[in-house]
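Assemble the complex: chain S is given as a structure, and chain X must be docked to it using the hints.
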Amino acid sequence: MLFNSVDFAIFLPIVFILYWFFINKNIKLQNLLIVAASYVFYGWWDWRFLSLIILSTVIDYGVGLKLKGEDRIFRRKVLLWISITFNLGILGFFKYYNFFIENFTTAFSFFGAEIKPNTLNLILPIGISFYTFQTLSYTIDVYKRKIQPTRDVIAFAAFVGFFPQLVAGPIERAANLLPQFHSKRKFDYAKAVDGMRQILWGLFKKIVIADNCAEYVNLIFSNSTDFSGTTLVLGAILFAFQVYGDFSGYSDIAIGTARLFGFNLMKNFDFPYFSRDIAEFWRRWHISLITWFRDYLYIPLGGSRGTTLNKIRNVFIIFIVSGFWHGANWNYVMWGVLNAIYLLPLMLRKSNRNHIEIVAKGKHYPSLKELASILFTFSIATFAMIIFRTETLSHSMQYISDMFKFSPSQIPWQGDMNYSTTLILVFVFIIIEWFGREGEYAIEKMGLNWPKVVRWLFYISITVITFLFSGTEKEFFYFQF
Amino acid sequence: MRRFIIQLFIFCLLSLSVISLIFLKADGYTDPFYIRFTTSKQKNLILGTSRAAQGIQPRFFKEMMDVDIYNYSFTIGQSPYGRTYLESIKRKHNRNEKDGLFILAVDPWCISSKNENPNDSTRFRENNLCLGNTTIVNMKPNFQYLFNNFSGKYFDLLFNRKKTSMFLHTNGWLEVTARMDTAVVKERIDYKVKIYREKNLTRYKFSSVRFDYLKKTILYLREYGKVYLVRLPMHEKIMEIEKELMPDFNTKITGLIPLSDGYFDMTPYNEKYEYTDGNHLYKESGELVTREIIHWIKTQ
Numbered sequence: 001m002l003f004n005s006v007d008f009a010i011f012l013p014i015v016f017i018l019y020w021f022f023i024n025k026n027i028k029l030q031n032l033l034i035v036a037a038s039y040v041f042y043g044w045w046d047w048r049f050l051s052l053i054i055l056s057t058v059i060d061y062g063v064g065l066k067l068k069g070e071d072r073i074f075r076r077k078v079l080l081w082i083s084i085t086f087n088l089g090i091l092g093f094f095k096y097y098n099f100f101i102e103n104f105t106t107a108f109s110f111f112g113a114e115i116k117p118n119t120l121n122l123i124l125p126i127g128i129s130f131y132t133f134q135t136l137s138y139t140i141d142v143y144k145r146k147i148q149p150t151r152d153v154i155a156f157a158a159f160v161g162f163f164p165q166l167v168a169g170p171i172e173r174a175a176n177l178l179p180q181f182h183s184k185r186k187f188d189y190a191k192a193v194d195g196m197r198q199i200l201w202g203l204f205k206k207i208v209i210a211d212n213c214a215e216y217v218n219l220i221f222s223n224s225t226d227f228s229g230t231t232l233v234l235g236a237i238l239f240a241f242q243v244y245g246d247f248s249g250y251s252d253i254a255i256g257t258a259r260l261f262g263f264n265l266m267k268n269f270d271f272p273y274f275s276r277d278i279a280e281f282w283r284r285w286h287i288s289l290i291t292w293f294r295d296y297l298y299i300p301l302g303g304s305r306g307t308t309l310n311k312i313r314n315v316f317i318i319f320i321v322s323g324f325w326h327g328a329n330w331n332y333v334m335w336g337v338l339n340a341i342y343l344l345p346l347m348l349r350k351s352n353r354n355h356i357e358i359v360a361k362g363k364h365y366p367s368l369k370e371l372a373s374i375l376f377t378f379s380i381a382t383f384a385m386i387i388f389r390t391e392t393l394s395h396s397m398q399y400i401s402d403m404f405k406f407s408p409s410q411i412p413w414q415g416d417m418n419y420s421t422t423l424i425l426v427f428v429f430i431i432i433e434w435f436g437r438e439g440e441y442a443i444e445k446m447g448l449n450w451p452k453v454v455r456w457l458f459y460i461s462i463t464v465i466t467f468l469f470s471g472t473e474k475e476f477f478y479f480q481f
Numbered sequence: 001m002r003r004f005i006i007q008l009f010i011f012c013l014l015s016l017s018v019i020s021l022i023f024l025k026a027d028g029y030t031d032p033f034y035i036r037f038t039t040s041k042q043k044n045l046i047l048g049t050s051r052a053a054q055g056i057q058p059r060f061f062k063e064m065m066d067v068d069i070y071n072y073s074f075t076i077g078q079s080p081y082g083r084t085y086l087e088s089i090k091r092k093h094n095r096n097e098k099d100g101l102f103i104l105a106v107d108p109w110c111i112s113s114k115n116e117n118p119n120d121s122t123r124f125r126e127n128n129l130c131l132g133n134t135t136i137v138n139m140k141p142n143f144q145y146l147f148n149n150f151s152g153k154y155f156d157l158l159f160n161r162k163k164t165s166m167f168l169h170t171n172g173w174l175e176v177t178a179r180m181d182t183a184v185v186k187e188r189i190d191y192k193v194k195i196y197r198e199k200n201l202t203r204y205k206f207s208s209v210r211f212d213y214l215k216k217t218i219l220y221l222r223e224y225g226k227v228y229l230v231r232l233p234m235h236e237k238i239m240e241i242e243k244e245l246m247p248d249f250n251t252k253i254t255g256l257i258p259l260s261d262g263y264f265d266m267t268p269y270n271e272k273y274e275y276t277d278g279n280h281l282y283k284e285s286g287e288l289v290t291r292e293i294i295h296w297i298k299t300q
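Chains as they are written, first to last, in my numbering: chain S, 1 to 481; chain X, 1 to 300.
Excised from the complex, chain S in its bound form (with noise of 0.2 Å):
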């Protein structure tokens, strides 16, 4: 089920009514019914891919309780190995399988083995990469002994199967989500209007930026050779504002159904944008899939201490991960790559913390050089992103090759299609995005100060324009992740 689609508009609603109104005093069957509800929200894609969720829940449940009463830590560890082989076992399969086999086959012809590829017919079950990082962070948790397993089956189900977060994250920690399911939850109306006025965000990014942008980015990246170099630019930055849009907009919504629920997920973009360098970019940009890289892989590999061939090896290894978890093609480990170029002169110059605090914090404007910094990081962010949305890295390269063509007299391509509205939209979306950075999301602060009927006006205004702008329910973008 699409988050901008009508089936969810009666869902949610429907869900919703159930949970405060008659099952409002018992947590438990509070619980069941946000497990139930994730079944047929996951379902209403494909139900037989229902079984992966399930037994990723029944899987880990049992090592968590397992490793409880376990203190010899050879039986431990095969307890962690049993949870990691099965998690990311079913990812592998799924995800990875045909890539290394055609990669496998390409290799051994290349010595003059001639194989043939046994390639399957796979379908990708939607959310895979999510929800499996989010049950494996729960068993590696309960191994380090930082958080105690859980007893109850239905608050571990409801924990693995959110449905507001199932699908495309934020990717939670049990430490934060799984004790919000033990708890009594009460309806607090400050906090559902937040998580409304978060939807409604949400929902404008997806609908008016990311679609919008979406338009032109397909056509300019799938015809690129016809195109001029100033077109090629533009096609590139869209695709910043698409992805950006699509994904931090999806975040949004999650969020902000989870608080409905009476529920806190955690950030997972904080304006990247508007970042004065790659690793603040980083800090900033799907935060929770970073952070858990950096929690069970970056740490674990020694981080950022050691000797510069270590510190420049972890780099390079997070990155390429983080990559390849979002698909199997060489472009997202290019990608990988190139972001791990980036950030390594700030590593080893340790000044990949001189930016925590969100930009001009306090004031209207950036100064110059902050202004400078910003265009500079947003401009190789997004040329790392070419890489990230073209299908090959010999396209990679002929895009790249072809932008460069560049000649600043030319406006680009505009053929049929007007896309002075979409570069509008975007404007105005940056400087929302530009005053509203200080908050949680945009919107979270705008207009608290203004009278009723203004600020009523400017939501009302947002859901018009949403409506205006929707047509065909299009996927989110990070679903193929």
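Any given hint could be a false lead.
[To be verified] On the chain S side, residues computed to face chain X include the following (Cβ under 7 Å):
#	residue
1	Gln148
2	Phe187
3	Tyr189
4	Ala192
5	Ile460
6	Val464
7	Phe467
8	Leu468
9	Phe469
[Claimed, not checked] Calculated from the model, a selection of chain S residues having no Cβ within reach of chain X, i.e. all distances over 12 Å:
#	residue
10	Thr85
11	Thr105
12	Ile140
13	Asp270
14	Ile290
15	Val337
16	Thr382
17	Val428
18	Ile431
19	Tyr459
Think of the hints as simulated: they come from the structure by calculation, not from any bench.
Don't be surprised by glycine CBs; every beta carbon is placed ideally from N, CA and C.
Just chain X now, kept in the frame of chain S:
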């Protein structure tokens, strides 16, 4: 909680009101069908496919007969004779009035189907198109139609209008403006003939179910007034294809004539008229054809 629900309700209501106002901007440029679902129920109807939609102009009925007739014809995809069209006709037709005038355009295509089994009505494509999914046909703005059938973004209702060569009048006539210089017309006709020969002729088959529904439509409308069957003119090359598709079309229609108030076959005069693409009458010829039909009706 109550406060939240009430506020949310008011918010939705206000937003919906603004959206309704925007929907009111939908007009004849919106698409070739929308307006027909926004006007009141009608006493007199012109029925058929796109030939009738573009070719029969209601304003001349007013001028020459003082009759307000409504063109409720769509396309070969939307409105071949069948259950879906008949149900929609019943919804659009004002049953409280008698002495109506009904003109049914007939041709081999509107009693054929391109399904493998031409009589499997469950698979008729019009079932899932606008006539099938719009049960309210006289509401303005028509939310049901716009939600289910409007392609593109609702934003286009406000802007990007008037870029189309088609305009749907409030009387249901679809006005098409096209360049009519000889070379362009020839190109369009050749293209249409190619499509009809290669794609349509090879797939369309006579459907006895559709034929039965044409009969049912005539019988239903006969209770409320006079029903005339008309075969509109077309380019000779298209005519040849139609003959190949259904050589016995006239025989088939002859069986229906007694149920109606008359049949006017205009195909002997095909050469008298101009066509935008061979299949559809150009608007000036449409006027002539409409006047001919009116003259013929008056003589009946």
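Hints and how they fare:
no., hint, result
1, Gln148, "33 Å, violated"
2, Phe187, "5 Å, holds"
3, Tyr189, "5 Å, holds"
4, Ala192, "5 Å, holds"
5, Ile460, "5 Å, holds"
6, Val464, "5 Å, holds"
7, Phe467, "6 Å, holds"
8, Leu468, "4 Å, holds"
9, Phe469, "5 Å, holds"
10, Thr85, "46 Å, holds"
11, Thr105, "41 Å, holds"
12, Ile140, "38 Å, holds"
13, Asp270, "28 Å, holds"
14, Ile290, "34 Å, holds"
15, Val337, "38 Å, holds"
16, Thr382, "26 Å, holds"
17, Val428, "14 Å, holds"
18, Ile431, "20 Å, holds"
19, Tyr459, "7 Å, violated"
Hint violations for this structure: numbers 1, 19, all remaining hints satisfied.
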